[in-house]
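Protein chains: 4
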Amino acid sequence: MTANASGKAAVKAALRAQRIETPSWAYGNSGTRFKVFAQEGVPRNPYEKIDDAALVHQLTGVAPSIALHIPWDKVDDYADLAAYARDKGISIGAINPNVFQEDDYKLGSVCNPDPAVRAKALDHLLECVDIMDATGSTILSLWFADGLNYPGQDSLRARQDRLAEALAATYQRLGDGQRMLLEYKLFEPAFYATDIPDWGTSYAHCVELGDKAQVLVDTGHHAPGTNIEFIVAFLLRQGKLGGFHFNSRFYADDDLMVGAADPFQLFRIMHEIVQAGALDASANVAFMLDQCHNIEPKVPAMIRSVMNVQEATAKALLVDSDALAKAQANGDVLEANAILMDAYNTDVRPLLAEVREEMGIDPDPLAAYRRSGHAERVREERKGGQAAGWGA
Amino acid sequence: MTANASGKAAVKAALRAQRIETPSWAYGNSGTRFKVFAQEGVPRNPYEKIDDAALVHQLTGVAPSIALHIPWDKVDDYADLAAYARDKGISIGAINPNVFQEDDYKLGSVCNPDPAVRAKALDHLLECVDIMDATGSTILSLWFADGLNYPGQDSLRARQDRLAEALAATYQRLGDGQRMLLEYKLFEPAFYATDIPDWGTSYAHCVELGDKAQVLVDTGHHAPGTNIEFIVAFLLRQGKLGGFHFNSRFYADDDLMVGAADPFQLFRIMHEIVQAGALDASANVAFMLDQCHNIEPKVPAMIRSVMNVQEATAKALLVDSDALAKAQANGDVLEANAILMDAYNTDVRPLLAEVREEMGIDPDPLAAYRRSGHAERVREERKGGQAAGWGA
Amino acid sequence: MTANASGKAAVKAALRAQRIETPSWAYGNSGTRFKVFAQEGVPRNPYEKIDDAALVHQLTGVAPSIALHIPWDKVDDYADLAAYARDKGISIGAINPNVFQEDDYKLGSVCNPDPAVRAKALDHLLECVDIMDATGSTILSLWFADGLNYPGQDSLRARQDRLAEALAATYQRLGDGQRMLLEYKLFEPAFYATDIPDWGTSYAHCVELGDKAQVLVDTGHHAPGTNIEFIVAFLLRQGKLGGFHFNSRFYADDDLMVGAADPFQLFRIMHEIVQAGALDASANVAFMLDQCHNIEPKVPAMIRSVMNVQEATAKALLVDSDALAKAQANGDVLEANAILMDAYNTDVRPLLAEVREEMGIDPDPLAAYRRSGHAERVREERKGGQAAGWGA
Amino acid sequence: MTANASGKAAVKAALRAQRIETPSWAYGNSGTRFKVFAQEGVPRNPYEKIDDAALVHQLTGVAPSIALHIPWDKVDDYADLAAYARDKGISIGAINPNVFQEDDYKLGSVCNPDPAVRAKALDHLLECVDIMDATGSTILSLWFADGLNYPGQDSLRARQDRLAEALAATYQRLGDGQRMLLEYKLFEPAFYATDIPDWGTSYAHCVELGDKAQVLVDTGHHAPGTNIEFIVAFLLRQGKLGGFHFNSRFYADDDLMVGAADPFQLFRIMHEIVQAGALDASANVAFMLDQCHNIEPKVPAMIRSVMNVQEATAKALLVDSDALAKAQANGDVLEANAILMDAYNTDVRPLLAEVREEMGIDPDPLAAYRRSGHAERVREERKGGQAAGWGA
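Chains as they are written, first to last, in the UniProt record's numbering: chain A, 1 to 392; chain B, 1 to 392; chain C, 1 to 392; chain D, 1 to 392.
Do not rely on the hints blindly, as some may be mistaken.
When chains are identical, the list treats them as one kind, so a pair holds in a single copy or across two.
[What the hints assert, rightly or not] Result set (BS3-like, lysine-lysine): computed pairs, CA atoms no more than 25 angstroms apart in a straight line: (1) K8 / K326; (2) K120 / K326; (3) K106 / K383; (4) K106 / K326; (5) K35 / K120; (6) K35 / K106; (7) K74 / K106; (8) K88 / K383; (9) K74 / K88.
Don't read these hints as lab results, they were simulated from the structure.
Chain A extracted, bound-state conformation (with noise of 0.2 angstroms):
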């Protein structure tokens, strides 16, 4: 585990090459079906967003871009917002359409029964390559709340051809460097069926569409006991792996900041990134947070997060993977755990706060955030209006 002078240089460089995107939601407020607890100093416009994810970036090092969410994040002109992005140190990531907070949308969007309702989906999806067009934006984050919660319901097949229609339109749509990723989701918030399941259901609509989607994995969409590093690993071998969104859980779709829950899950995830050769940017997955931070403080929460990623990052840098690659030829299944093991025992808190050293950054982004008075400012300033959130 202990790399060499050069590897370690290696380990270094990758780290700071890392780029982990955060999504302008997890700085508004949010919560659960049964309360949302608003906080101060939350943003009230997508500029302020930008401002906190800026302020990110500015401490990690690592977060030079940010995800938007329509119509949450709607503005008049998108080019200003895409340059003020730029004026503040960061850029716009991916785009996400919201088909499922209007009244049209109880029965889903575009896999809805109902033709008109499956057409206005369609053209806010065809919408947001227009904002992609004039933010600079590459990636169409599709991820759709469609589903069933009764047996009955309506026709799980028909429903597969309506959503394959709006996915081919939408995808003709996509200019050159714009791709498509879709997400898959378990459950919530419909309960017997959603339309897109599992990975395999969106990596059999992505083949069907060609190059340009790819299948997103969310880390907490997925069944109780699912080997999410496995399905990381076959998509890269398929070449579909397209993103991620970050965030942990203990039961359902709990949002939790990313490595909160199982650290080591996390870090799992990360060795089949590594060994891949998935981390370079060659290979255009793109690492994204999808959070809620509920009851904790949001900024803070998102460098937190930031870091987490670093650190399963480090760790899987440090597998020795030549001692690793023969103990699995030689059959050793202790030994090649123990390899495993020995880069996630490894405290690698030192190694990144000397990489932040050489960024020029503070080693500790928490305390820097905290010398920032950036709380008590915002507290101050964003008072009146009305503070972002999941509904505005």
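With chain A's structure known, arrange chains B, C and D on it following the hints.
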């Protein structure tokens, strides 16, 4: 399984005597964290909820009480509300305190680390006993949203001490003929740990409190793979089954119509009830619905749910207990299972139609509902004002 | 739901035409890792297993083939075995290779890091195609116990490469009219990762292999909360559903009698089959049982299981498809669900009794079995020798 | 988290005083229902198992006792066996009765519908108390494979009555300084219902029995999503935590090396232990391993497992309890979580190496094992005879 004449009469008598309570909140709007889809004609206040509950009772004959949720059902004069219910032919059932929707409760209510918040929560519990006194309710139905999202967030053990203290204070306040039912829930809205996650926790507290404290089983609140009928049988053996919150779920706490997801499980639960003689009113087991009708119309969904419980009960009553006991004693696995399945596979709808006719109501409650014009009427009458929902 | 006269005739015709394959291994002894409880009268060789399977077919009329498991059913002359089966009125169904019970397979078969073990496993797969040729079997049913117990134990991705190689070599060997079905399984006997854990993995390999490769759905091989009928509907849409291994489970791969744990789920699966027209022989979907009768007598358990599939099928055939499609198109959630439940709640046993009488067999196959004296006879005849089981 | 000098001394003292029991059966062969892969050099009798356990203790310094399983460890003279253990430097730990591997137990042991089988099972339990007397063991460790595969197979409630009767009779037989630990298990080998499925059931029986009966937590015996550290904390609060069977699992009861599947969970469990002062010998909590080494060599796997528990314990001891309590009292979610994670993220291997050197043993027990030549020696010495395993 074929009951002889006297057997059939007993089955019908039991079905006529069955009592299923409906919850006021299921008549109002509800949804997921993503969206509440408002419906037309939804009640705007507790009186209109009582109107709907009374209609469900009128059409089914077995739903003579309504559970209240405070403050969602807050009124100035609870005696007046109870009188109104009586005039409509039903009574006030369980009182459900709400200590999870105020900002103070972000980190819990009776388990909160802040003593001031705990005191406030306890005050509300005691206020709810006052409402029991005013309405004639005999059941305080306790569910706490308390729990933790992150490991380390609070002391699991200290929270139990605080919980025990609040429960004891509430218990002391109960009058003659009043009891408290303590509900457990694996998950949601807390994600890492809930303070009463399973029946064992509820049971241990109830044993320490005394005879007036019993466990409430919500059929949607268990980990995957949990055998709910075992819990029911065990609690009945211990004299600690206070009642049910019926609903159904495929994955988490979906709160779908009872019997919609796993009708065989509902039958097995009712089989344990019947075998233990706990259908009888003297057993003091409260059969209550607790559901959300997010996408389906609420009153017919409630009627359907009541009918689903009736059908499961009728099948359970048809089990040939003598033959079953004999096959079990003989260790005849296939025969014992066959006897149970024989009852389950019976179509009990004709029998229930007969029972309804003998009760002087329509054999087909849903058809009667459609003919009643209720849906159309309330859509007109309940315009304006604020539709009831979880937040109001 | 009430089929009119011509509708009823079609339902009965479909039920008469149904074909359910029973597995040779379910007639032998089986158990858990803790204990195999041997039963009296169990077959001692493949010929006696055929005797039992033929009896199940004779009594039910819909079980005309038997799946073999090699080497458990190894004989010197497979043509002779097939002729014996024909004489008894049944045929040889799927051939199931076993590459998990030799010491060489401790770390896997076709995915083993050792090329010599992989070559040995491939040889066995090819040998099984020889047996298909000799017996007239058209299905090679592939399940691999391959996987990992510990993270790091082997490369998840390299194992997929090895798997693909073995599958391709086997696929090449298939003759006209032969196909391979690729089974997936979440867990067991490998605990950390299985090499084909879900339908997506099987599907991706089958697509790359070609038309003769299809997915096999074992109803017990999914994570908790998985919607199996969705997978069935999706695979039918893609033309990649090869067949089923039917059984039922409460938690893991319990291999209980199909329909015993969740009869409603079995009905929903058959509903998707019926809606897609896949009950028809031309759809080439193989309906096979794969069960273990650890504590119950085997032949009557098999008869019961066949009947359970028939009952679920009959209910699915009774669904009023036109009314259902109309309610679905209207977005009438309650009505659509009610139409489905109406069929499920029907007691189809009288209908199936009629069907059996029209087929010239006893309307009550289990009663006929008891009268046959088979259990008593084999208990005498099959004394001495080695009872068949998983290990033999 | 950084302990000061006196803090560090206390941590080391606690680590030196830790006691982890290894199970005799983990030194023998084991497997799944599909296959037992025999290993060379496996013990052939209880004396050789003691040799292996003594070696594990010699190399780790913290495994000074061995649990026995009867009849797998049946000998003519238990006093002689205990003396042999003493000579080797260890003692006899918990006695584990086996009432699941005789044909009589097909439908259960102490819950069997047949009174003769129940009497036989009870006799064996009492015989095991005799063995406790003879060996100086203080713990009767009870796990029952009892349960049902099919709904209706037997009365859930009657089985509880039978269970209570057998437990009471066994309890009466316990001498001074002896206690019984009652293990629960969700599933396997019974599939539909187990007679002690969860901690609540075990707890309720233990409360009724008295102070000498306590709950045994096997970390692999829970439903998905269960928060095990909550159970540990709750049982400690009630004074009813008797001990652990440590192992790890990804899905069912995988019995993998403890700490291999979810090291963070193991840490959280040990955190509750440390917070409650239950690491201290006076707390009388038995820390026992219960694992199966199906594909990895057994002695080094056991050493590794002991080390995994030590590492989790060391991390738990490093938690800055004062700072944690303060952050919790302040409701500082992120800080409280960070304090916990700070300890978890520490590399405690250097600290444990120090502790070992102070104990006079090798700082790297696995390297010492490899140098010992034990594996090669027993491979020669233990040829011939019958290797120990679950069935022998």
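Okay, the hints, checked on the actual structure:
1. K8 / K326: Only inside one copy: K8 and K326 sit 21 angstroms apart there, 38 angstroms across copies, limit 25 angstroms.
2. K120 / K326: between (56 angstroms within a copy, 22 angstroms between copies)
3. K106 / K383: between (34 angstroms within a copy, 21 angstroms between copies)
4. K106 / K326: Result: close only across copies, 18 angstroms inter versus 55 angstroms intra.
5. K35 / K120: between (30 angstroms within a copy, 18 angstroms between copies)
6. K35 / K106: Answer is both: 21 angstroms inside a copy and 9 angstroms across each meet the 25 angstroms cutoff.
7. K74 / K106: within (22 angstroms within a copy, 30 angstroms between copies)
8. K88 / K383: within (22 angstroms within a copy, 49 angstroms between copies)
9. K74 / K88: Answer is within; shortest intra-copy Cα gap is 19 angstroms, inter-copy 49 angstroms.
No hint from the list above goes unmet by this structure.
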